[in-house]
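K.L.:
Below, each chain spelled out in residue letters.
Number of protein chains: 2
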Amino acid sequence: MVKKYNISVEATLEVIGGKWKCVILCHLTHGRKRTSDLKRIMPKITQKMLTQQLRELERDGIVNRISYNQVPPKVEYELSEYGWSLKPILDSLCAWGNIHIIKEYGDKSLMLEDNGLND
Amino acid sequence: MVKKYNISVEATLEVIGGKWKCVILCHLTHGRKRTSDLKRIMPKITQKMLTQQLRELERDGIVNRISYNQVPPKVEYELSEYGWSLKPILDSLCAWGNIHIIKEYGDKSLMLEDNGLND
DNA sequence: TTATATAGTTACTTTAAAGTAACATAGGCA
DNA sequence: TGCCTATGTTACTTTAAAGTAACTATATAA
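Sequence order for the protein chains is B and U. Per the working numbering, numbering of the first sequence is gapless, rising by one per residue and ending at 168. Per the working numbering, numbering of the second sequence is gapless, rising by one per residue and ending at 168.
Hints were generated in silico from the structure; no laboratory data involved. Don't take each hint at face value.
Chain copies aren't distinguished; within one or between two, either way the pair holds.
To be verified - Calculated cross-link-like contacts (lysine-lysine; reagent style DSSO-like; alpha-carbon spacing at most 30 angstroms):
1) K123 / K157
2) K82 / K53
3) K97 / K152
4) K70 / K93
5) K123 / K82
6) K53 / K152
7) K88 / K53
8) K53 / K93
9) K53 / K157
10) K68 / K152
11) K157 / K70
12) K68 / K157
13) K68 / K88
Computed from a predicted model, the values in this text were never measured in an experiment.
Hey, can you work out the whole structure from these sequences and the hints?
P.N.:
This is how it looks when you write it as structure tokens:
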């Protein structure tokens with residue numbers, strides 16, 4: 050077998066890398082969410098990307114998918130126990146981002162959408 | 050002006066996202082490195098990607114570029130003071146990656162290159 | 001019976017990231 | 001003179017990620 054990683058951080062990036070996964074996971078650290086909740090909180094994500102990213106996170110054991118058998122469908126997503134082990138990382142990524150935004154733009158309210166989670 | 054971020058973690062990803070930046074930064078947490086050192090430690094990175102990523106990290110104030118005026122050239126890179134503020138994040142990304150590799154493959158020595166930094 | 005609501009899929013296109021290979025620099029040394 | 005070194009650049013190609021738009025399913029309520 051060929052060694053896959055130069056350094057272990059690459060394994061983490063395989064799981065939470067890309068444009069959307071960290072964003073989704075940060076929102077899920079504030080509690081279980083329906084698909085429609087996630088779409089409302091992240092207005093710019095498309096249905097396709099949302100499902101795709103959630104599927105991959107589910108495959109990697111990071112989130113649980115809870116499907117209620119009803120019509121119209123109701124599906125909720127939450128961090129799994131393993132997913133919660135990412136909480137300190139997600140928190141510090143957000144915290145550093147806040148500092149960086151203030152450093153770059155002076156005022157974070159200018160750059161962050163008003164979704165009730167940026168206060 | 051249009052709000053740029055849904056949540057602050059996106060600002061962080063703009064700085065350290067992509068395939069190489071976290072890897073480069075993790076190596077730099079072990080000390081100042083010449084370009085040739087970095088190429089040796091990361092054999093799969095190309096000259097172009099290495100320079101490109103370092104330039105962006107420099108532009109964002111994360112690394113310092115130290116150029117000795119001599120021929121053949123000698124250039125060193127190190128974390129800036131601002132870059133060092135990422136150290137806790139980089140460390141926890143690596144630590145989580147180790148755990149994840151062990152969870153997925155049982156033995157991390159099977160997956161990590163022998164570059165002297167994975168022990 | 002027809003419209004509604006929610007979650008998801010599919011084929012396709014666009015955009016962005018990464019990789020390749022050849023070239024540039026310039027002082028020292030054989 | 002001409003080659004070596006280390007670092008970096010450029011034009012181009014390839015690959016991967018993300019986005020678009022149209023489609024599906026189906027119990028319930030109007």
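K.L.:
Now, for every hint given, state plainly whether the structure supports it.
P.N.:
Results of checking the hints against the structure:
With identical chains, the CA atoms of K123 and K157 are never at most 30 angstroms apart, being 35 angstroms at best within one copy and 39 angstroms at best between copies. In this assembly of identical chains, the alpha carbons of K82 and K53 lie at most 30 angstroms apart only when taken from different copies (23 angstroms versus 34 angstroms within one copy). Taking the closest pair of Cα atoms, K97 and K152 come within 30 angstroms of each other only across two copies (29 angstroms); inside a single copy the shortest separation is 34 angstroms, beyond that limit. Both within a single protomer and between protomers do K70 and K93 lie at most 30 angstroms apart by alpha-carbon distance, with minima of 14 angstroms and 26 angstroms respectively.
In this homomeric assembly, K123 and K82 come within 30 angstroms of each other (Cα to Cα) only inside a single copy, at 10 angstroms, whereas the closest approach across copies is 53 angstroms. For the identical chains of this complex, K53 and K152 are inter-copy neighbours only, at 15 angstroms across copies versus 36 angstroms inside a copy, given an alpha-carbon limit of 30 angstroms. Only between protomers do K88 and K53 lie at most 30 angstroms apart by alpha-carbon distance; the minimum there is 17 angstroms, versus 35 angstroms within a single protomer. Taking the closest pair of Cα atoms, K53 and K93 come within 30 angstroms of each other only across two copies (11 angstroms); inside a single copy the shortest separation is 33 angstroms, beyond that limit.
For the identical chains of this complex, K53 and K157 are inter-copy neighbours only, at 10 angstroms across copies versus 39 angstroms inside a copy, given an alpha-carbon limit of 30 angstroms. Taking identical chains as interchangeable, the C-alpha atoms of K68 and K152 lie at most 30 angstroms apart whether they share a chain (22 angstroms) or sit on different chains (25 angstroms). In this homomeric assembly, K157 and K70 come within 30 angstroms of each other (Cα to Cα) both inside a single copy, at 22 angstroms, and across copies, at 24 angstroms. Taking identical chains as interchangeable, the C-alpha atoms of K68 and K157 lie at most 30 angstroms apart whether they share a chain (20 angstroms) or sit on different chains (27 angstroms).
When the C-alpha separation of K68 and K88 is checked against a cutoff of 30 angstroms, the pair qualifies both within a copy, at 15 angstroms, and between copies, at 27 angstroms.
Figure legend: structure checked against the earlier numbered hints; the only hint not met is number 1.
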